[in-house]
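There are 2 protein chains.
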Amino acid sequence: MLIGAIEAGGTKFVCAVGYQNGDIVEKITIPTREPNVTLPEADRFFSSFKISKMGIGSFGPVHVDRKSTRYGEILETPKQSWRGVNMVRHFTNSQDVPVHLDTDVNASALGEYVWGAGKGKDSCLYITVGTGIGAGFVKDGLSLNGRLHPEMGHIPVERHEEDSFEGCCPYHGNCLEGLASGTAIRERYGREGKHLSDSNEVWEMEAFYLAQAVASYLYVLCPDIVIIGGGVPKQKTLLPLVRKKAAERINGYVNPGDFKEWIVSPALNDEQGIKGAMALAIEGKR
Amino acid sequence: MLIGAIEAGGTKFVCAVGYQNGDIVEKITIPTREPNVTLPEADRFFSSFKISKMGIGSFGPVHVDRKSTRYGEILETPKQSWRGVNMVRHFTNSQDVPVHLDTDVNASALGEYVWGAGKGKDSCLYITVGTGIGAGFVKDGLSLNGRLHPEMGHIPVERHEEDSFEGCCPYHGNCLEGLASGTAIRERYGREGKHLSDSNEVWEMEAFYLAQAVASYLYVLCPDIVIIGGGVPKQKTLLPLVRKKAAERINGYVNPGDFKEWIVSPALNDEQGIKGAMALAIEGKR
Ligand SMILES: Nc1ncnc2c1ncn2[C@@H]1O[C@H](COP(=O)(O)OP(=O)(O)O)[C@@H](O)[C@H]1O
Ligand SMILES: Nc1ncnc2c1ncn2[C@@H]1O[C@H](COP(=O)(O)OP(=O)(O)O)[C@@H](O)[C@H]1O
Ligand SMILES: [Zn+2]
Ligand SMILES: [Zn+2]
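Just so you know, the sequences run in chain order A and B.
Per our numbering: the first sequence = residues 62 to 347.
Per our numbering: the second sequence = residues 62 to 347.
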């Protein structure tokens, strides 16, 4: 029994088919163009297989409330032509299978929860620090979704005393994403993070902000494991600094255990998104 | 069929019996002394009634994971003699009924969700701003609990530019509780909040911090309604200011609807805790 999965991003769609155990049989990547180009392209891929269900981890904002008649509908994205597109409806019709959709970060959290670093835990938080910042949370196999799921990246944070950068979030300026995303690093220092490896103060400041995020999510969600993925943490010095500063900040108020085992890198090598979409199809419940 | 309920606080225990519909038949308040004094006193009250189950909203930190063998056990509280006391075990034995326990704020959230301002909503956040700050969240009738439930009051916040108070949280200094609890107000201004009604800047700053909390909780939990209770919001000017500043801060990034209907006062007149404990007994599932 094959399962279909899509990791629908702003620049590319990853489409895959695989087995219940998470093994991927075939996978393609197509660029995200207009919906009337990209969706049929995805359909052509899936048509060569006999799939029984489908899961989608989608860019957003997107309607994720399964009880809503608008479940699966893309909302006010800057990608104008995608507004109002409903991928659940599209693929339910075109592939004639049940389709389940969640946000991309919730799918990643689910992928790591089922087959990756979060395997065996009751709950798992996945944070991605890339162009923007987002996070997804899975508990007992289900993601935490409200009517909308705003993805946690925009929480307020305490400013670092040496930070004079006003922040790059178009909505909030100095929220977490505004001060700690890859975009914020580039705008603050005039260079991409990957060219700043030797500047300790960059990663000290970055860790200062991410540690606050970890603390906030801990106090609200109490995840059993925190997985930090995305481009920015490819900087090898970052995660140990986040662990250290998170431990200092939390200061024994709660004890999530050994910080080395509690704050970790993803285990699925950039496949958490697409595998999470497969898991979504399989779990297929809320 | 009568239900037993306890709102177990650091200074007083409220004990009540009532019906499935939330009506309270009888209620007493006893001071919180040593456990070997207070627990038998509670038992004497309940012994006069034929109760079929019991719910407890407890001060903390307390083990709230129903799967744990330590479910119901009080942890490192400053009230030394209560450490290690397990109220679930105690009342299960003494009253011979099923007992369910949650944190006091989760119980309050549940009370408002079932019979108060959150009635009919899918999810409901209850924030209490008193001596400390705590919050509880209920979704689809269940509270959100991890292994521990640290109660959300200690999230990091951006400092107000005119605030030079270092913060009063013994763990974190300038966390939300450290900067915005009733204790923080008293230490910052040298007077209790209720004597500062005429100082606009006090409530502007208080609302600045609480609006951040509302934004953080929105981004992480997406509650359908936010109920702000406790002593400090008795200050009538506060809630409208929180609404205004929360709307400004969120800045259209997500739209929780009309802020007047989304951020509200409790509807149960200081009975949300004890009624929530009744609801805990009734729902009795997780
Ligand atoms: N080794 C690195 N060190 C620091 N930053 C990096 C590194 N590699 C990539 N980045 C940053 O990560 C961001 C891209 O994140 P990524 O998660 O790959 O993409 P996206 O968020 O767009 O999906 C960019 O801002 C880039 O500068
Ligand atoms: N009208 C008021 N205006 C401002 N603060 C108030 C008012 N009434 C009570 N408070 C403050 O609320 C706090 C007590 O909160 P409360 O929720 O009643 O108790 P607790 O948190 O200890 O259970 C104290 O700091 C007190 O100064
Ligand atoms: Zn933002
Ligand atoms: Zn604190």
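Worth double-checking, as some hints may not be accurate.
Identical copies look the same in the list; a pair holds intra-copy or inter-copy alike.
Unchecked claim - Taking lysine to aspartate or glutamate pairs in the EDC-like style, the calculated list, with each CA pair at most 16 Å apart, reads:
1) K182 / D126
2) K111 / E87
3) K305 / D126
4) K128 / E95
5) K128 / D201
6) K128 / D183
7) K305 / E265
8) K255 / D201
9) K295 / D183
Since the hints were made in silico from the structure, they are not lab data.
Where does the structure disagree with the numbered hints, that is, which hint numbers, in rising order? 3, 4, 8 and 9
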